[in-house]
Amino acid sequence: MIDVTAYVSTKNRYEVLSQALLSIALQTHKPKSLIVFDDSDRPPGDANDLVGRYPSFGQVFQLFQEYGIAWAWKFGRKIGQHANHQAAQEIAETDWLWRVDDDCIAEPNVLEILVRSCVSGVGAVGGLVLPPAPLPVPDNAANLISDLNLPNIQWFKQSHKLLEVDHLHSTFLYRRGIADYELSLSPAAHREETLFTYEIKRKGFKVLVDTSAVTWHFRAPTGGIRSHQDPGFWNHDENVFAQKLLDWGVVTPRPEKIIVLDAGRGDHVIVKKLVPKIKKRWPDCLIASCFHDVLKGDLPQISIEEARRNLGNLENHSIYGWCMKNNWTGNLVEAFEAMYDL
Amino acid sequence: MILFAPFAARSPSLGGRPSPKDYPKVKELAELLENEDEVIQVGGGNDEQVCQNFQPNLSFDGLGKLIHASRTGVCVDSYLSHCYWYFGRRAIVLFGISDPLIFGHPENLNLLVDRKFLRPRQFDLYYLDQYNPQAFVDPPTVMKALQCL
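Chains as they are written, first to last, in my numbering: chain L, 1 to 342; chain E, 1 to 149.
Source of the hints: derived by calculation from the structure; they are not laboratory data.
Incorrect hints may have been included.
[Said to hold, decoys possible] Cut-off 16 Å, straight-line C-alpha distance, at most; resulting in silico cross-link-like pairs (EDC-like, lysine to aspartate or glutamate):
1) L:Lys273 with E:Asp61
2) E:Lys116 with E:Asp129
3) L:Lys203 with L:Asp166
4) L:Lys280 with L:Glu337
5) L:Lys157 with L:Glu107
6) L:Lys277 with L:Glu334
7) L:Lys273 with E:Glu107
8) L:Lys257 with L:Asp298
9) L:Lys203 with L:Glu164
10) L:Lys272 with E:Asp61
11) E:Lys65 with L:Asp293
12) L:Lys257 with L:Asp341
13) L:Lys206 with L:Asp166
14) L:Lys325 with E:Asp124
15) L:Lys244 with L:Asp166
16) L:Lys277 with L:Asp298
17) L:Lys257 with L:Glu306
18) L:Lys296 with E:Asp61
Construct all of the structure, not just a fragment, from the sequences and the given hints.
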């Protein structure tokens, strides 16, 4: 029997947090204990206060009691989730820790599946972390540190496999004390899990993905890291990350072309129509867009943050900024064609 | 069936104000359209419902199916106008302050009262502009265009 401490770092997401905790309570392999690290701006005074404000927590706490899962609610230091993850390593009494995002709902068998990989030589194991209506996995996704431009393999539905990877995302089980979280990151803690899990790999432990363990990620629009919108935080973290990669001697290939579509839905539709021309002109083009459903399956997608890491300041990639700069008077379709050199 | 999108995307920067791209006489036009044909209003979940049948937040594919099933779409300069163009169908697009020569598609029927209402800096953030209901054609003109389509 593997004893596991589950924990959640949360900020301003009480509405969804109770669902995440409920999914932890209902695991077929029960964690021994649960810790919530609460960075919220208006945290509860105590459990009664929380239940008074959000009654669903009362039922969750009853279940923890029913299942004998010791739970603790701790106020975070409000300096970012990475500090809470590090604190979890320091105060947990089990060898294994299961971190769960506060806007996630784990299927009941996730922990049962993940603990099967808790054998000698394994440092961390994650499952799939799927958005609603997940897409099939792209051929090139492999979660290698040298291919950070490619989509994260944990985001896509796929048949059962146990994969060895370089890094993990979001919600995973790991062995306590192998690596430390990077505490020089900003409160946004961008890249914290990539840095942490690759450090585990660098220490000689295997990092795995078991694709039969499915956690649903509903990406709460506010709270969590989305409380930290200061672009300075993201730039800082990207710089920390880039320096780490440099220190580790990791070379990530720069894609030939990245299209950044940080624009409205209508603009996405125009670019969608231009995809055949884009593919012809830029066969290896990646796209970072805001509305993934419009361009799904058209071009390999990366996140806006990933594009920022490759391209730096993205202001020069705004179609409207480009039009202003070039005193454009023609049609917007032609403007996209000119901007992308099609 | 006619798809109707009288509102532009809701930018948080609007703070609840109407978008300068929103159609002004929306209820009057909605009533005329519903007297003419079955109408499905599409748009964002925070849009005001002005038709009996309102289907907000449709996926791209879901909207595409409706576009193919529709007679046409009546919309402001917005997502729906580009979607009709993408799917090779013709929409009636109600322009006000944005220039149809820039943001419109010649394949659509673009209606504009007068170029004097166009904002001078077309590529600035549109929601910074003052709302000007005079910049849009009136509902009877839209209905005439519908008959001509």
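Looking back at the hints listed earlier, which ones does the structure fail to meet? none
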